[in-house]
Amino acid sequence: MNRHELQPGELDKIGTRLIASSVLNESEIDRIADSPFLYSGVKARINSDVPARTNAFGFGRRLALGFGSLFVVIGIVGTGLFMLRGGDPTIADRRVHVPMPKADQPVGYSRSERGDIESVPGPVMASERHNSPQIQNASFSRAEDRNYARKKATPRVQPDLEFYPLVYTGDPKENASGGRVLQVEMSRSSLFAMGFNIPIENGAELVKADLLVGQDGVARAIRLH
Amino acid sequence: MSTFPTAFEDETLIARVDGDAAAPHFSAQLTDRQLVTEVLAGSDDAFEQIFNRYKRPVAHVAARYFRRPEQIEEIIQISFAKAFTELTNFRGQHEASLGSWLSRITANACLDTIRSQKRKPESLDCDLSANETETLLDLASCREQNAEHKLAVRDLSEKLLRNLPEDDRAILQMLYVDEMSVADIASLLGWSRSKVKIRAWRARNSLRKILKYYT
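Residue numbers (my numbering), protein chains in the order written: chain A, 23 to 247; chain B, 405 to 619.
Some chain B residues well away from chain A (every beta-carbon gap over 12 Å; in silico):
(1) Leu434
(2) Arg437
(3) Gln438
(4) Leu502
(5) Ser504
(6) Asp516
(7) Asp588
(8) Trp595
(9) Ser596
(10) Ser598
(11) Ile602
Result set (EDC-like, lysine to aspartate or glutamate): computed pairs, CA atoms no more than 16 Å apart in a straight line:
(12) Lys230(A) to Glu184(A)
(13) Lys65(A) to Glu452(B)
(14) Lys486(B) to Asp71(A)
(15) Lys599(B) to Asp588(B)
Calculated from the structure, these hints are not laboratory results.
By construction, the Cβ of each residue, glycine as well, lies at the ideal position given by its N, Cα and C atoms.
With the rest of the complex left out, here is chain A (with noise of 0.2 Å):
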């Protein structure tokens, strides 16, 4: 649509008056100046702002700010000292010393204590061996904690079992120190030969049993499921 080449200087002094004759005159200014409810706007908008201002950064919000920020501050210095602590070597083989139960007393430990059993494969449970105080050469690692982690997510219900200790005279340091649960299944005929005093009716029927194993290999007490 080009129909005339014009200079630079050409299209400015045009665009200039063209600027020029779209200003408002005075007036008109004038008149929009004296529009009789301006002021009148002017205090409604300021009605309207002070309080929202005021209450913007009110005590109460500031409290709350205070607040959500410590929350936050706690939360990102709890979250790194997690990962720091899972991520140290150090404490990741640290061996937790179990004290064995004494053979002329029941040990009951709390639910706690024992921490989750699960029926994982192999005769030591990873999480067993990370969360429970009574076992001895317990070592933990980050993915160890992730998966016990999961699993305490999802609760099942336990037994609320006491270990009984098993007749044993061997070494008293033994007795002292730690060992291992073991997860079996052991028929009614043997725990009636261990001195449980049982129906053995169904001699051949497996009982689950959590034995309690000392370094030597030998069972010191045992808890049934």
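Given the coordinates of chain A, assemble chain B onto it according to the supplied hints.
For chain B alone, kept in the frame of chain A given last:
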């Protein structure tokens, strides 16, 4: 001809505003700083006095960015409301006059409003009639214009300048119509001089493109 900053210093303008007698408790002799002190002490009348003293200069600034009366009124209200809430800052931090402080608030309010509207310039999809093109080309000459021609030019400018962003138009108006210096514009908008020059150069190029398209 310069309407800024002389508009703020125009004694006749201020005297005419003071003649509105909207605030009987304050005489026209009270200085801006005294009025500000009164407002900070809780006086509504003092604020009304400030409003009446500076509503026209503020309207002048707003009129550079907007053309519709209701838009200008809204900018005036926003600017004075903001000035009221920020008045403590004026007393403590600003050595500039109340007028220039208000003008900066107004300019910023205009830019904020333009930004919030996020309106893009309209596309160059309308054609000009032969008469309109002739009128446009006549602007390059220095011929005296009669009232009818002025009206036609105004209509034409409304049509063409819709394609130019408001802030660009405002800068060009300040530079070429109000004949403000780069330093004055920088002071008004709180920009650096380099930024003003760059924005003016871009605005001029945009306007040239628009005019080239239609001529």
